[in-house]
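Heads up: the sequence shown runs through residues 25 to 229, numbered per this note's numbering.
By construction, these hints were calculated from the structure, which means they are not laboratory data. All figures in this text were calculated on a predicted structure; none of them were measured in a lab. Hints may be right or wrong, so weigh each one.
As the list claims (entries may be wrong) - What follows is a list of derived Cβ distance ranges for each label pair:
{"hint": "1", "residue 1": "Gly142", "residue 2": "Pro89", "range": "20 to 26 angstroms"}
{"hint": "2", "residue 1": "Gly98", "residue 2": "Gly131", "range": "26 to 32 angstroms"}
{"hint": "3", "residue 1": "Gln153", "residue 2": "Ser113", "range": "37 to 43 angstroms"}
{"hint": "4", "residue 1": "Arg77", "residue 2": "Val151", "range": "27 to 33 angstroms"}
{"hint": "5", "residue 1": "Leu155", "residue 2": "Ser112", "range": "35 to 41 angstroms"}
{"hint": "6", "residue 1": "Gly97", "residue 2": "Gln153", "range": "23 to 29 angstroms"}
The beta-carbon is built from N, C-alpha and C at its ideal position, and this holds for glycine as well.
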Amino acid sequence: MGTSLSALAEAVWPSVVRVGPNGTGGAGVVLSRGGGLVVVTNAHVARGSPGDRIQVMSHTGVIYPGLIERTDGGRDLALLTLEPPVGSSTGHLSPATLADVATLRPGHLLIAVGHPYGLANAVTAGVVQSLGPIASGVEPVIGWQQLPWIQADIRLAPGNSGGPLCDMQGRVVGINTMVARGLALAIPASGIRALFREPSEAIPA
25 MGTSLSALAE AVWPSVVRVG PNGTGGAGVV LSRGGGLVVV TNAHVARGSP GDRIQVMSHT
85 GVIYPGLIER TDGGRDLALL TLEPPVGSST GHLSPATLAD VATLRPGHLL IAVGHPYGLA
145 NAVTAGVVQS LGPIASGVEP VIGWQQLPWI QADIRLAPGN SGGPLCDMQG RVVGINTMVA
205 RGLALAIPAS GIRALFREPS EAIPA
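Work out the full structure, taking the sequences as your base and the hints as a guide.
So, in structure tokens, the structure goes:
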């Protein structure tokens, strides 16, 4: 199992980036769109509005100028476009694949990849505990209880937000967003697909 998780983590790393000033704000996941590469992260990691510039850093340390294309405050998601730096290309990045979360069940093993407390490409594993809305009144989910959360017993810390939650095939099942009552909460991949389809929406003040 250890060897399997290690190989899985190494396969996922090229799809995970740091987002924010000096690459320290949080994590993001690289996806393919129309033959190009984009990054999805949390809106609270991007901390901006459509048109704002943002820095993205690959797992190898290459910095890419990014642009916030759209945000979804209702799901806490942001979509970023990338510009290759001078003398480089996006070859340091590899797009991840989105999973069909309809097949996800409690007990399925998952891994989270991010940069907790600035630690690059840290990996943690756990299982799905539950799927669906959160009980009302639970902090810090107030206002977002009715989202179809993926709830997993995975340890998250500052720097994990915006990074991918992956199944054992390395496919992205969700975006790690917050912790409530000791459980990691992730926005499912269906929210990412919706972000690709919907028009730009500014983050609520």
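**Prompt:** For the pair leucine 155 and serine 112, does the Cβ-Cβ distance stay inside 35 to 41 angstroms?
**Reply:** Since leucine 155 and serine 112 have Cβ atoms about 40 angstroms apart, the given range 35 to 41 angstroms holds.
**Item:** Cβ separation of glutamine 153 and serine 113, checked against the hinted range 37 to 43 angstroms
**Value:** At 40 angstroms between Cβs, range holds.
**Asked** Taking 27 to 33 angstroms as the hint, is the beta-carbon distance of arginine 77 and valine 151 inside that range?
**Response** Since arginine 77 and valine 151 have Cβ atoms about 39 angstroms apart, the given range 27 to 33 angstroms is violated.
**Item:** Outcome for the supplied range 23 to 29 angstroms, where the beta carbon pair is glycine 97 and glutamine 153
**Value:** Hint holds: Cβ distance 26 angstroms, inside 23 to 29 angstroms.
**Request:** May I ask you to test the hint 20 to 26 angstroms on the CB atoms belonging to glycine 142 and proline 89?
**Result:** holds, 21 angstroms
**Item:** C-beta pair glycine 98, glycine 131: status relative to the range 26 to 32 angstroms that was hinted
**Value:** holds, 29 angstroms
Checked against the numbered hints given earlier, the structure breaks only hint 4 and satisfies all the rest.
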